[in-house]
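Enquirer: Protein chains in written order, with my numbering: chain A, 1 to 325; chain B, 1 to 578.
Think of the hints as simulated: they come from the structure by calculation, not from any bench.
Just so it is clear, the structure is predicted and the values come from calculations on it, not from any experiment.
Do not take every clue at face value.
[Stated by the list, open to error] Cut-off 27 Å, straight-line C-alpha distance, at most; resulting in silico cross-link-like pairs (DSS-like, lysine-lysine):
no., chain 1, residue 1, chain 2, residue 2
1, A, Lys309, B, Lys354
2, B, Lys221, A, Lys301
3, A, Lys293, B, Lys203
4, A, Lys149, A, Lys293
5, B, Lys174, B, Lys139
6, B, Lys463, B, Lys320
7, B, Lys320, B, Lys354
8, B, Lys221, A, Lys293
9, B, Lys125, B, Lys174
10, B, Lys203, B, Lys84
11, B, Lys191, B, Lys203
12, B, Lys485, B, Lys451
[Claimed, not checked] For each label pair, taking beta carbons as the anchor points, the in silico distance ranges come out as:
no., chain 1, residue 1, chain 2, residue 2, range
13, A, Glu80, B, Tyr198, 16 to 22 Å
14, A, Leu207, B, Asn248, 56 to 62 Å
15, B, Thr260, A, Glu153, 40 to 46 Å
16, A, Asn295, B, Ile8, 52 to 58 Å
17, A, Thr81, B, Tyr198, 50 to 56 Å
18, B, Asn239, A, Asn295, 53 to 59 Å
19, A, Thr62, B, Ile234, 49 to 55 Å
20, A, Gly267, B, Gln110, 22 to 28 Å
21, A, Gly267, B, Asp100, 29 to 35 Å
22, A, Leu207, B, Asp100, 29 to 35 Å
23, B, Asp143, A, Gly267, 36 to 42 Å
24, B, Asp100, A, Thr62, 21 to 27 Å
25, A, Lys293, B, Ile31, 33 to 39 Å
26, B, Tyr198, A, Asn197, 56 to 62 Å
Cβ atoms here follow ideal geometry from the backbone N, Cα and C, with glycine treated the same way.
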Amino acid sequence: MKKNLPLIILVILLIGSAIFWNQKRNEPRDLSSNPYRIAFIRMKEGGQFWGSMRNGAREARTDTFTSVDFFSTVNALDIETQKEFVEKAISNNVDAIVITPSDSKALIEPLKEASQQGIKIIQLFNEVQDNDIDNTYSVLIDSKEIGVKLAEELINKFPNKNLNILLVSRSPNISSSKYMENGIMERLKNVSNINCNSLYAGSDIDLIAERVENYINNYGKINCIIALDDDTSEGVSKYFNTESSNKNIYYFATTHALSNIQNLDTGIIDELLILNSFAMGYQGVYAANEILKGNDLQEQKIDYIFVTKEQMFDEDVQRKLFVIY
Amino acid sequence: MKNKNSSINTIFSRILILFTIIVVIVVATTITYQFYKSTKSNIEINTSQTVIQANRSITSFITDVMQIGDTTLDYCTNIYQYGKDNVELRLNTILDSRNDIITINFFDMQGNIIVGTTANNLRDKDEIFYQSWFQNALKGNGDYYFSRAHVQRLIPLRYPWVISYSKSFNYIDKEGQEKVGIMLIDFSYTKLRDIMGYATIGKTGYAFIIDQENNIVFHPKQTLINYDQFSENIDDISNEIYGKYYSNDNGVNKLKVIQTIDYTRWRIVGIAFPNEMLLESFNSFAIALMIILAFSILITILIAKIISNYITSPIRILEKQMESIHKETFIPQPIERASLEVKSLSNSFVEMSKRMKALLEKIIEEQELIRKSELDALQAKINPHFLYNTLDSVIWLAEQGDDEGVITLVTALSNLFRISISKGHEVITLEEELEHCRNYLVIQQMRYVDKFSFNISIEEDIKDCQTIKLITQPIVENSIYHGIKYLMDPGIIDIEAKKYDTNKIQIIIKDNGNGMSEEVRKSLLTTDKKKHLTDGNGIGVYNVNMRLKLAFGDEYGLNIESEIEEGTTVTITIPLTK
């Protein structure tokens, strides 16, 4: 009997394991038991652009069976709160942080700390100015290329017109809008009939509208405004909705926020830049899961389109522009 | 099997387990094949049923929409008969009762609204006129048209995703003239999502709807498709309207079940992932199979154990009996509960054991006889030697005319022989033994006149103790011949028998003769019989020592102490036996 004892124990263990495994299989899938926990930190809550990003992340969460904790600030420039979110994610022992940094400098230290704790960092849409942070991967839209394309769009649209462009963005420390600004500036620097200036107007809609109005009043030659993000687009639209606004200014807005779509439909916005924020959210979580699994990732290109009022109901455009609820 | 030392038990268990595994594998393979076939068939049936059910639900909904269209069309056809406000009220009543209907509108040929639920807040007629649902209805010439999912472009600043049902119709205008109009019913895209939400196939399968131009009307992953995060390959089914097809999309095996939805020219496509579903079902099956296999092996082991124990336990008993055969007290018993072969083996062993035991006893008996003969022979060696010398003394006394001396000597000789014979007994009392020694000394004293004196003492309580006979006389003989015979002064021989320890007796024979060298002393007790025979010295002493050890064991026998010119002391140690 003693000789066969190991075999009998093995068989009993085999049966036990099989029964246990079978029981576990029949249990409903518990997301919290998934090995990967991801913190998804957006720089702003609300609006179709950020909502789509969250929806993309949710879809990826469903497809990858990861557990995703969502964090977002109300104000896009609430850097301190975003830092706290990073700290909270670290204390929650997440495996990865997918983040849209609201400041390319201020978030360096918290993200470094997270990286030192072995947390994978996936920078989404924006990035911080530090190449020394380990464990990082970026899901970025080519903002500089967008800037160049946007500039070419204007050059083609107004080949002989003298343009005084005002670039409006929240802050010089937000990489996506800064790269876009750089692309525009770089493309237009040798174009003699186009002049370009930047205005960093913050994230408060009323203040943006006021600052834009002041700028236009002070530099009366402005005949084109490009708002480089959702907040400034909303602020500039607010300016154009005032009776005193200069209706002859060509207005280029960014993101498919519902207000931007409506302003495009009513003619306040002349052209709209749509960034695929859904894809950003999806790819961010997907990338985090793949990195955590140790898989190699190919660089994902996030698409974008320029939309005019005439195109907004085209079949290909409406898919990107209007969210299915 | 490789281990040559494996027990029958192990071999039997292994064979039985191997056999069971082979049987289970053969049965499992057959069942698995049948399971695969039936599961595959079930997957196809389940997928088809899901698609059929979804088709019925969609058809039912479409029929509802078309019935609403027919009903409202009747109102609009006779709008001026019913009155515009009355028709509008009826349309709004229908709209309020159905949260899946977004708008019900009727337009003239130019895109102007005739009547509808959103009549007061519409986009420009040109914007409406060029929309696909309008143009397709117009071209349809009375045939209805179902659009793909699109963003409604009717009401400014509202952008719901809808599917449009449109149709051209004839109506009588204010002037009583027959005109052509376009009916539009927009229903919510989310209604399709609700209906199709139930059409899940397995864990990851799904169903979607395509139109006759192979454009997707509805897809559960529509958002992912819209944002280019997912694409559906429909090339291989673009020309199929009904049936089931297997395809391999980028290494993923898919089952596609297609059905046509009535009225719409749409097709519903169910996508199942058979490998995944098979694997999922097979997991449960494999677990059940593993449990059966494990139980079979366990039961087989137990059965093998019981059977092999039944077979091997008598063999083990036999083995133990064989191991115990060297013990004198062991008596093998035949094994009753065993197979015929083992019983036969056991009986043979018992017989063999009995014969061996008998043979052993016979050998012991023979050896005893040999030993006794040897002793007898040793003993016999004393008599002729001594008799010759004594008779020589008798002759000498007789020649001297010493009758009294002759009498004494012959009497002593007579006593000597009486004790020697002892009626054939080997064992005598210690008193008899010393008496025998005394007789011998008396004889020798008469032979060697005034040459020595002797003294014999024995403790009273050991007189009756048993000893083998003729153990002192050879020692005394040696003292006389080799110790005292050549002394110038009279010799003395002291013999003392006393208790030693609690269970031993010592007979100490002490003389004051010439003594002997250490070499001679050692040689007296040597086992080299040849040396004694060659020298002629000490053979008697050696014999006594041998007899004592044979009779009582190695701890008994002689001890000799001697010193040149001082004398010799021989100590005989025997057990205290009464």
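Enquirer: What hint numbers does the structure not satisfy?
Expert: 1, 4, 6, 10, 13, 17, 18, 19, 22
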